[in-house]
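Engineer: The primary structure of each chain is shown beneath.
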Amino acid sequence: MLKKVLAATAVFVLLGAAAYASFFIAPTDAKQGLIYRILFLHVASAWTGLTGFFICFLANLLYVWRRQPRWDWLGISSAEIGLAFTSVVLVTGPIWAHPVWGIWWTWSPRLTSTFVLWLLYVVYLVLRTLIEEPDRRALFSALFGIFAFIDVPLVFGSIRWWRDQHPQPVVMGEPGSGLDPLMYRVLFFSWFAMLALMALLLRQRYRLEAMRSDLETVKHEMEAA
Amino acid sequence: MSLLSNTAALLGKEVRTEFRSRELLTTAVVFILIVIVLFSFTFDPTSDESRRFAPGLLWLAFLFAASLMLQPCFLREQNNDTLSALRLSVSDPFAIFLAKLAANTFFLLITELFLLPFFSIMYNVPVVPVLHWLLLVFFLASLGISIAGTALSAISAQARMRELLLPLLMLPLLTPILVASTEVTKSLFDRSPYVQWKGIGFLAVFDLVFLTALWLFGEYLLEE
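So the protein sequences, as listed, match chains A and B. Taking the working numbering, the leading residue of the first sequence gets 1, the next gets one more, and so forth. Taking the working numbering, the leading residue of the second sequence gets 1001, the next gets one more, and so forth.
Hints were generated in silico from the structure; no laboratory data involved. Just to be clear, a hint being listed does not mean it is correct.
[Unchecked claim] As a list, the in silico SDA-like pairs of lysine to any residue whose alpha-carbon atoms are at most 25 angstroms apart:
| hint | chain 1 | residue 1 | chain 2 | residue 2 |
| --- | --- | --- | --- | --- |
| 1 | B | 1198 | A | 150 |
| 2 | B | 1198 | A | 161 |
| 3 | B | 1198 | A | 109 |
| 4 | A | 4 | B | 1160 |
| 5 | B | 1198 | A | 157 |
| 6 | B | 1198 | A | 219 |
The task is simple: from the sequences and hints, build the whole structure.
Structural biologist: See below:
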C-alpha cells in the first residue's frame, strides 16, 4: 500500500513539475502567444498514446506465441491506456486549433490518421466485449491487435501521401517544426511525466485484469461444482 | 506443390458452393445498385461533379458490399461444422486462406465488373479508354480487401453479433485501400487521364504486407 501511495505521489509531483515547466519555464511563442503551451500536453499525450499501442502490439505478439494470460492482461491494459491518451490528443487538438487556425477540425493528414488509429483501438475493445470464452477472446483480439498495428503505418502513409494537397493551416502547420531548444526540453520532460503516469495506470489496470480473470475462474469452478 | 493443389481444390469448392446458389453475387450487385442510385441524390451527377465525387462513391460502395460479401466466408464453415474437417484435409492451413481469398477476390471482381457499365452510364464517366488500368486497380484493391477481409471474417466468426462486427473490423482497417484506390481511379477519370503509379504501387504493398501477415498468423486464426 505504502509503495503504491509513494509511486502515485511521485507521478503527481512529476506531472505538476511538467505543468509548471509548460506554463512558466518554456518561453512564450512569438506568433501564437500563450495558447501554444497546450503543445506540451497535446504532443506528449500523442507520443505516450503511441507508446501504449506499441506495448499492446508486443503483448499481442507474445500472447499468440506464448499463450500466457498475462500477455492478454497487458494487451487490454495498454490498449485502454493508449486509447485514453489518444483521446486527450483528439480533445486538446481542436482546443488548440480553434484559436490558432480558426476552425475546430480540419481533415489534415495528422488529424485524420490519428482519428483512424483511435477508431482501430476502439474496435479492438469492442471485439473483446463480444467474445465470451477467455482463451478465445485473448487469442482473437490479439490477432486483431496485430493486424491493426501493422495497418497503422499504411493508414498514416496513405493519408499523408494523398490528403496533403489540401490547404495547410495558416499559422505553424507543423507543431514541432523549429521549436526553441528550451521548448524541446520541456516537451521531453512532459513526455517523461506522461510515461510515468502511463506506467502507474498500466500497473493498476493490469492488476485489475488479473483479478478479474481470477474471479472468472472461481465463478466457473463454482458453476461446475 | 501440395499447397497449390490443395488451394486449387478448395478454390473449386468455394466457387461451386457460390455458383449453386449465387446468393452472394446477387445480393452484392443489388446492394451496390441501390447505393449508386441513393448517392446520386446527394450531389448533382453532372459530368464535372461526377469526376470529383464518383471515384470515392464507387469505392465506398464496393467496400460496403465487400463487408457483406465476406460475412459467410467462415460463418458457413462454422454453421455446417466443416472447419475442423477442412483443417484436417489440408497439410498447410494457409491453403484454406489462399482458396478463400482467391474466391473472394474473384466474387468481388465479378460484382465490380458487372456494375461498371451501369456506373459509367448513370454517372456520365467514360471508362472504356482506361479500362485496362481500371482492371488493374480493381484487381489490386479487391485482392487487398479480400486478404484483410478473409482474416477478419475468421475473427468475427468467433464473436457474438458477428454480422455487425465484421464491418466494424474491416472498414477502418481498409482505410488505406479506400484512399489509394479512390485517388488512382480519380486520376483515371480525369479529363486527360493519367496513371498514378504511386497509388498502384501502394496497393501492391498493402496486398503484400497483409498476405505476409496472413501467412504468418493464419494458422492461429483457424483455432477453435
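Engineer: So, for every hint listed, does it hold in this structure?
Structural biologist: Here's how the hints hold up against the structure:
For a cut-off of 25 angstroms, the pair hint linking residue 1198 (chain B) to residue 150 (chain A) stands: about 20 angstroms separates their Cα positions. Taken as a hint, the residue 1198 (chain B) and residue 161 (chain A) pair is honoured in the structure, with Cα atoms around 9 angstroms apart against an allowance of 25 angstroms. For the proposed pair residue 1198 (chain B) and residue 109 (chain A), the alpha carbon gap of about 17 angstroms is at most 25 angstroms, so the pair holds. Distance check on the hinted pair: residue 4 (chain A) and residue 1160 (chain B) sit about 38 angstroms apart at the alpha-carbon level, beyond 25 angstroms; violated.
Under the criterion of a C-alpha separation no larger than 25 angstroms, the hint pairing residue 1198 (chain B) with residue 157 (chain A) is consistent with the structure, at around 12 angstroms. For the proposed pair residue 1198 (chain B) and residue 219 (chain A), the alpha carbon gap of about 55 angstroms is over 25 angstroms, so the pair is violated.
The structure fails hints 4, 6 (numbered hints given earlier, in ascending order).
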